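> Okay, here's what each chain looks like letter by letter:
2 protein chains.
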Amino acid sequence: MGRTRIRDIRHEELISATITAVHKRGYAVVTMAEIAAEAGASAASINYYFGSKEKLMEATMRRLLTLLKQAMLERYATAKSPHERLMAVIDANFSDRLFTNEQCSIWIQFWANAPYAESLQRLHRINRSRVTAHFRAELRALVAEDRRETLREALQCYMDGVWLEAAQSDTPLNPAQARKEAREVADLMLVSQD
Amino acid sequence: MGRTRIRDIRHEELISATITAVHKRGYAVVTMAEIAAEAGASAASINYYFGSKEKLMEATMRRLLTLLKQAMLERYATAKSPHERLMAVIDANFSDRLFTNEQCSIWIQFWANAPYAESLQRLHRINRSRVTAHFRAELRALVAEDRRETLREALQCYMDGVWLEAAQSDTPLNPAQARKEAREVADLMLVSQD
DNA sequence: AATTTTTAAATGGTCATTTAAAAAAATGAC
DNA sequence: GTCATTTTTTTAAATGACCATTTAAAAATT
Chain A
1 MGRTRIRDIR
11 HEELISATIT
21 AVHKRGYAVV
31 TMAEIAAEAG
41 ASAASINYYF
51 GSKEKLMEAT
61 MRRLLTLLKQ
71 AMLERYATAK
81 SPHERLMAVI
91 DANFSDRLFT
101 NEQCSIWIQF
111 WANAPYAESL
121 QRLHRINRSR
131 VTAHFRAELR
141 ALVAEDRRET
151 LREALQCYMD
161 GVWLEAAQSD
171 TPLNPAQARK
181 EAREVADLML
191 VSQD
Chain B
1 MGRTRIRDIR
11 HEELISATIT
21 AVHKRGYAVV
31 TMAEIAAEAG
41 ASAASINYYF
51 GSKEKLMEAT
61 MRRLLTLLKQ
71 AMLERYATAK
81 SPHERLMAVI
91 DANFSDRLFT
101 NEQCSIWIQF
111 WANAPYAESL
121 QRLHRINRSR
131 VTAHFRAELR
141 ALVAEDRRET
151 LREALQCYMD
161 GVWLEAAQSD
171 TPLNPAQARK
181 EAREVADLML
191 VSQD
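Chains as they are written, first to last, in UniProt numbering: chain A, 1 to 194; chain B, 1 to 194.
I should point out that these hints are in silico values taken from the structure, not numbers from a laboratory. Since this is a predicted model, take the numbers as computed values, not measurements. Ideal placement from N, C-alpha and C gives every residue a C-beta, glycine not left out. Be aware that one or more of the hints could be misleading.
Among chain B residues calculated to face chain A with C-beta under 8 Å, some are [unchecked claim]:
1. PRO115
2. TYR116
3. SER119
4. ALA144
5. GLU145
With a straight-line Cα cutoff of 35 Å, these simulated DSBU-like cross-link-like pairs (lysine-lysine) come out [said to hold, decoys possible]:
6. LYS55(B) to LYS24(B)
7. LYS69(A) to LYS180(A)
8. LYS53(B) to LYS69(B)
9. LYS24(B) to LYS180(B)
10. LYS69(A) to LYS24(A)
11. LYS24(B) to LYS55(A)
12. LYS80(A) to LYS69(A)
13. LYS24(A) to LYS24(B)
14. LYS55(B) to LYS24(A)
15. LYS53(B) to LYS69(A)
16. LYS180(B) to LYS180(A)
17. LYS69(B) to LYS55(B)
18. LYS80(B) to LYS55(B)
19. LYS69(B) to LYS180(B)
20. LYS180(B) to LYS80(B)
21. LYS180(B) to LYS24(A)
22. LYS180(B) to LYS69(A)
23. LYS53(A) to LYS180(B)
24. LYS53(A) to LYS69(A)
25. LYS80(B) to LYS55(A)
26. LYS24(A) to LYS69(B)
27. LYS55(B) to LYS53(A)
28. LYS55(A) to LYS53(B)
29. LYS53(A) to LYS24(A)
30. LYS53(B) to LYS53(A)
31. LYS53(A) to LYS80(A)
32. LYS180(A) to LYS55(B)
33. LYS69(B) to LYS24(B)
34. LYS180(A) to LYS53(A)
35. LYS80(A) to LYS180(A)
36. LYS80(B) to LYS69(B)
37. LYS69(A) to LYS55(A)
Footprint (simulated), chain A over chain B, 3 or more residues, beta carbon under 8 Å [to be verified]:
38. 24 to 31
39. 96 to 106
40. 146 to 160
Build the full structure now, drawing on both the sequences and the hints.
What follows is the structure, given as structure tokens:
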């Protein structure tokens, strides 16, 4: 058992601290010392556990992707129809756990820096592909082929845009409201199809 | 006449160089020396003309906002109906002059850094307010009141999302195609209204 | 000759990463 | 259980870069 216990705990702590510190200070300027302070550790220990600042950022982004994937699978489990499953993908993106100021903020930070760091770009693409695949699968049963891709693109861009706007907000977000609006928008687009 | 001629030329050149350099290297890591090299000048001359790196970034962002405003006004001039004016706002955002890899890229860079720099945040808010106001004004004649804000939000988020995605692309963008799709999306949402 | 523009070099500061040593935890023989 | 030994974890301090900004002087323009 607990062979790697401390190692795991420190990974958790330092990734958490990274999320908080990047949100507070911005990816562009946050320092190892600031992240370490946030976790009550020293900058040197980050390198002991992660090897470099870049690898820490990569691990942090990977954590965010895992959270989103989990939220998506959770909701998929109980959804029965294509329409319900489409809404499950939407709900996952705006779930209480994910749609917070801190996470929207850091998500955008990674997003903006993805084009300049191979490792971030890879992760970013994997994530987008997954969401695209889910949308395509469910829209197949809901929308005529000639409009399907337009609608999928529109929905995905809309969701990205909501996150982008949320990242600028300095008042607490309202995930339930965001889900409701996103469902309305999706239905608005689907209506003209039946 | 030409009293401030050279000054104006240098401002132009250095802002252009900033756009290119930030696109190439990222806001997070671009240096004064790189920007200067892009313009065939020295880092010291940037400080001579702009005072500091931060002020250069602010001036560059201001230039981008001016371009967008101009594109919007140009198209507004020939639009006659609310629907045409709505499309004018959309077209402006995806005009040939603005919807390029370089500009989408730098726009996202500024966007991501706005929460951490007072001067950028101010400019960013001014811009969003302007777009919001235009949309509200035109949608008033096109959409019932109870759905108006949802639709406006959706459209704005969609457009932001398209820019965000464009910034990740490494193949040349297609502004005409983007305009066509955006119009389709807008009409799709308007259809369910009449 | 006076003013504006330009830059090489100096300055001062910041930061990621490494190093070397200390502290803490685990191991295991008794 | 205890204590010496080995391994893991932690950090203070050193290192070596890098960079924005300033300075002082030269070059260009008026």
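> If a hint holds in the structure, say so; if it does not, say that too.
Now the hints, each set against the structure:
no.: 1; hint: PRO115; verdict: holds (6 Å)
no.: 2; hint: TYR116; verdict: holds (4 Å)
no.: 3; hint: SER119; verdict: violated (14 Å)
no.: 4; hint: ALA144; verdict: violated (12 Å)
no.: 5; hint: GLU145; verdict: violated (15 Å)
no.: 6; hint: LYS55(B) to LYS24(B); verdict: holds (20 Å)
no.: 7; hint: LYS69(A) to LYS180(A); verdict: holds (21 Å)
no.: 8; hint: LYS53(B) to LYS69(B); verdict: holds (25 Å)
no.: 9; hint: LYS24(B) to LYS180(B); verdict: holds (29 Å)
no.: 10; hint: LYS69(A) to LYS24(A); verdict: holds (25 Å)
no.: 11; hint: LYS24(B) to LYS55(A); verdict: holds (22 Å)
no.: 12; hint: LYS80(A) to LYS69(A); verdict: holds (19 Å)
no.: 13; hint: LYS24(A) to LYS24(B); verdict: holds (26 Å)
no.: 14; hint: LYS55(B) to LYS24(A); verdict: holds (22 Å)
no.: 15; hint: LYS53(B) to LYS69(A); verdict: violated (40 Å)
no.: 16; hint: LYS180(B) to LYS180(A); verdict: holds (28 Å)
no.: 17; hint: LYS69(B) to LYS55(B); verdict: holds (21 Å)
no.: 18; hint: LYS80(B) to LYS55(B); verdict: violated (39 Å)
no.: 19; hint: LYS69(B) to LYS180(B); verdict: holds (21 Å)
no.: 20; hint: LYS180(B) to LYS80(B); verdict: holds (19 Å)
no.: 21; hint: LYS180(B) to LYS24(A); verdict: violated (39 Å)
no.: 22; hint: LYS180(B) to LYS69(A); verdict: holds (32 Å)
no.: 23; hint: LYS53(A) to LYS180(B); verdict: violated (42 Å)
no.: 24; hint: LYS53(A) to LYS69(A); verdict: holds (25 Å)
no.: 25; hint: LYS80(B) to LYS55(A); verdict: violated (55 Å)
no.: 26; hint: LYS24(A) to LYS69(B); verdict: holds (31 Å)
no.: 27; hint: LYS55(B) to LYS53(A); verdict: holds (28 Å)
no.: 28; hint: LYS55(A) to LYS53(B); verdict: holds (28 Å)
no.: 29; hint: LYS53(A) to LYS24(A); verdict: holds (17 Å)
no.: 30; hint: LYS53(B) to LYS53(A); verdict: holds (24 Å)
no.: 31; hint: LYS53(A) to LYS80(A); verdict: violated (43 Å)
no.: 32; hint: LYS180(A) to LYS55(B); verdict: violated (41 Å)
no.: 33; hint: LYS69(B) to LYS24(B); verdict: holds (25 Å)
no.: 34; hint: LYS180(A) to LYS53(A); verdict: violated (38 Å)
no.: 35; hint: LYS80(A) to LYS180(A); verdict: holds (19 Å)
no.: 36; hint: LYS80(B) to LYS69(B); verdict: holds (19 Å)
no.: 37; hint: LYS69(A) to LYS55(A); verdict: holds (21 Å)
no.: 38; hint: 24 to 31; verdict: holds (count 5)
no.: 39; hint: 96 to 106; verdict: violated (count 1)
no.: 40; hint: 146 to 160; verdict: holds (count 10)
Going through the hint list in order, the structure does not satisfy hints 3, 4, 5, 15, 18, 21, 23, 25, 31, 32, 34 and 39.
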